[in-house]
Amino acid sequence: MFFDGYLQKTPISIRELCKHATEDYRESFCPWTTTNSSSPSKAFLGVPYATPPIKSNRFSPTRTPSPWDGVRLSDKYSAVCPQRLPNIQNETAALEKMPKGRLEYLKRLLPFLQNQSEDCLYLNVFSPVYAATAEKKLPVIMFIHGESFEWNSGNPYDGSVLASYGELVVVTLNYRLGVLGFLNANPSPQIRARVANYGLMDQMAALHWVQQNIAKFGGDPGAVTLAGHGSGAACINFLMTSPTMVPGLFHRAILLSGSAYASWAVVEDPVVYALKLAKELNCTVPSDLIKNHEQIVDCLREIPLEDLLSVNIQAPSYLSAFGPSVDGVVIRTGLSNQDPDELLSAGTSKRSHDSHRRYDLLFGVVTSEALWRFSNIDILNGFEGERRDRIIRTYVRNAYTFHLSEIFYTVVNEYTDWERTSQHPINTRDAAVAALSDAQFVAPLVHTGDTLAPTSSSTWSGEIRPQLLLLRV
Numbered sequence: 001m002f003f004d005g006y007l008q009k010t011p012i013s014i015r016e017l018c019k020h021a022t023e024d025y026r027e028s029f030c031p032w033t034t035t036n037s038s039s040p041s042k043a044f045l046g047v048p049y050a051t052p053p054i055k056s057n058r059f060s061p062t063r064t065p066s067p068w069d070g071v072r073l074s075d076k077y078s079a080v081c082p083q084r085l086p087n088i089q090n091e092t093a094a095l096e097k098m099p100k101g102r103l104e105y106l107k108r109l110l111p112f113l114q115n116q117s118e119d120c121l122y123l124n125v126f127s128p129v130y131a132a133t134a135e136k137k138l139p140v141i142m143f144i145h146g147e148s149f150e151w152n153s154g155n156p157y158d159g160s161v162l163a164s165y166g167e168l169v170v171v172t173l174n175y176r177l178g179v180l181g182f183l184n185a186n187p188s189p190q191i192r193a194r195v196a197n198y199g200l201m202d203q204m205a206a207l208h209w210v211q212q213n214i215a216k217f218g219g220d221p222g223a224v225t226l227a228g229h230g231s232g233a234a235c236i237n238f239l240m241t242s243p244t245m246v247p248g249l250f251h252r253a254i255l256l257s258g259s260a261y262a263s264w265a266v267v268e269d270p271v272v273y274a275l276k277l278a279k280e281l282n283c284t285v286p287s288d289l290i291k292n293h294e295q296i297v298d299c300l301r302e303i304p305l306e307d308l309l310s311v312n313i314q315a316p317s318y319l320s321a322f323g324p325s326v327d328g329v330v331i332r333t334g335l336s337n338q339d340p341d342e343l344l345s346a347g348t349s350k351r352s353h354d355s356h357r358r359y360d361l362l363f364g365v366v367t368s369e370a371l372w373r374f375s376n377i378d379i380l381n382g383f384e385g386e387r388r389d390r391i392i393r394t395y396v397r398n399a400y401t402f403h404l405s406e407i408f409y410t411v412v413n414e415y416t417d418w419e420r421t422s423q424h425p426i427n428t429r430d431a432a433v434a435a436l437s438d439a440q441f442v443a444p445l446v447h448t449g450d451t452l453a454p455t456s457s458s459t460w461s462g463e464i465r466p467q468l469l470l471l472r473v
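First residue of the sequence shown: 1, per this note's numbering; consecutive thereafter.
Check before you lean on any hint, since a few could be wrong.
Calculated cross-link-like contacts (lysine-lysine; reagent style DSS-like; alpha-carbon spacing at most 30 Å) [as the list claims (entries may be wrong)]:
id, residue 1, residue 2
1, Lys291, Lys276
2, Lys55, Lys291
3, Lys137, Lys55
4, Lys276, Lys55
5, Lys136, Lys216
6, Lys291, Lys107
7, Lys107, Lys76
8, Lys136, Lys76
9, Lys276, Lys97
10, Lys100, Lys55
11, Lys107, Lys97
For each label pair, taking beta carbons as the anchor points, the in silico distance ranges come out as [to be verified]:
id, residue 1, residue 2, range
12, Lys136, Asn312, 34 to 42 Å
13, Leu73, Arg301, 28 to 36 Å
14, Glu104, Glu306, 39 to 47 Å
15, Ser422, Ile377, 16 to 24 Å
16, Lys279, Asp360, 42 to 50 Å
17, Arg390, Asn312, 20 to 28 Å
18, Glu104, Val71, 17 to 25 Å
It is worth saying that the hints were derived from the structure and are not from the lab.
Note that the Cβ used here is the ideal one computed from N, Cα and C, for glycine as well.
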């Protein structure tokens, strides 16, 4: 099989970007402009890495794609995987849920996500034009997109600048999302393991494709880095410890603002959401769910896509309804879904235990990770302690099972500046943002580093304030 990519007519030059940037930006981020320049890059778009998960392949493990004859034109992005998009048509209503900056970001992102199809397992490759004929193969970065386990795509993330300046081969991909990517109706994976993390299996399939094909694009299959943001970072965390991960598919990992230890990363009781969906779509729920849960999957496999996506199943705040869960295959069975240490510690299979020892790990966060969860009014004006308490109580109630009052009062005490005689609404807001940021992003990532550092070759952490600081763990 052959690819006919497309050469960008106007290659993006880092030198050009920095030439027109502000002086402060150039001083911080463009030290290379006096000595280096970037070269044009080539983009291969919409490359199939798996058999389309349609019809009988819906809710099935990822399968190797069939080869094609002749030359495949790869100059257009594929459709994105089916998803329910955030509703921002009413901007006034949207600003009651998010800051202005978040709204503007979504307005730029969502147009890339309108063309949807279950035939969506495609990836994009960006490489310098000289890469395919160069004697030395270039390092590879595969980017796992985030935002949510239920929406987004790799298509909006143009890897041409990174490939061009960094002298890298960059890969972005689509993987199954939401109910199509993470339906799990199995109440006892420890007894009858069955694949349910289809989205994670898609990512594994893309890594297999990279190993088999990336050298033809100038990439080095022996130097593959997985990078992910948010839910994408959590996916990588799961891949690092999965018993089904074949050693050598990737070698380094970059986790940005996401970890498998976060409350939103593991669905605690996925069967609850599977049953809600089945009942909404008039699928019969078997009396013996342990033996016959496949009947639910079989029924949902026949439901038209539009009907499947029309059902809005919501998880409690700060949790996920359809995301990674224990299936006994991709994510090993622990003592319970509430015990992430059991899920992510040294692998139950020798293969996973040996493989995650070899990963170099870089992880990082930004200041105020949870800011996007607050309304625009909250950001502009702040709020009083009563609203802060409601926010923290909601998080504690949904994320924890025992000692809820003790946890709540401990958090409030820790994030209150007791030296102030009165608490300004802005200070109260900042404290709530800091508490949620630490709980949902910072602490889980630090715990990931602590867990994997003893077995990783090198582990680095950093925080952007706004410049990246790297610290050796």
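The hints, checked one at a time:
1. Lys291 x Lys276: Holds: Lys291 and Lys276 sit about 19 Å apart, inside 30 Å.
2. Lys55 x Lys291: holds (24 Å)
3. Lys137 x Lys55: violated (39 Å)
4. Lys276 x Lys55: holds (22 Å)
5. Lys136 x Lys216: holds (12 Å)
6. Lys291 x Lys107: Answer violated: Lys291 to Lys107 is near 46 Å, above 30 Å.
7. Lys107 x Lys76: holds (22 Å)
8. Lys136 x Lys76: holds (28 Å)
9. Lys276 x Lys97: The hint holds at about 25 Å.
10. Lys100 x Lys55: violated (41 Å)
11. Lys107 x Lys97: holds (15 Å)
12. Lys136 x Asn312: 34 to 42 Å: violated (51 Å)
13. Leu73 x Arg301: 28 to 36 Å: holds (32 Å)
14. Glu104 x Glu306: 39 to 47 Å: violated (30 Å)
15. Ser422 x Ile377: 16 to 24 Å: Distance hint for Ser422, Ile377 holds at roughly 21 Å.
16. Lys279 x Asp360: 42 to 50 Å: holds (46 Å)
17. Arg390 x Asn312: 20 to 28 Å: holds (24 Å)
18. Glu104 x Val71: 17 to 25 Å: violated (41 Å)
The structure is inconsistent with the numbered hints 3, 6, 10, 12, 14, 18, although it conforms to all the rest.
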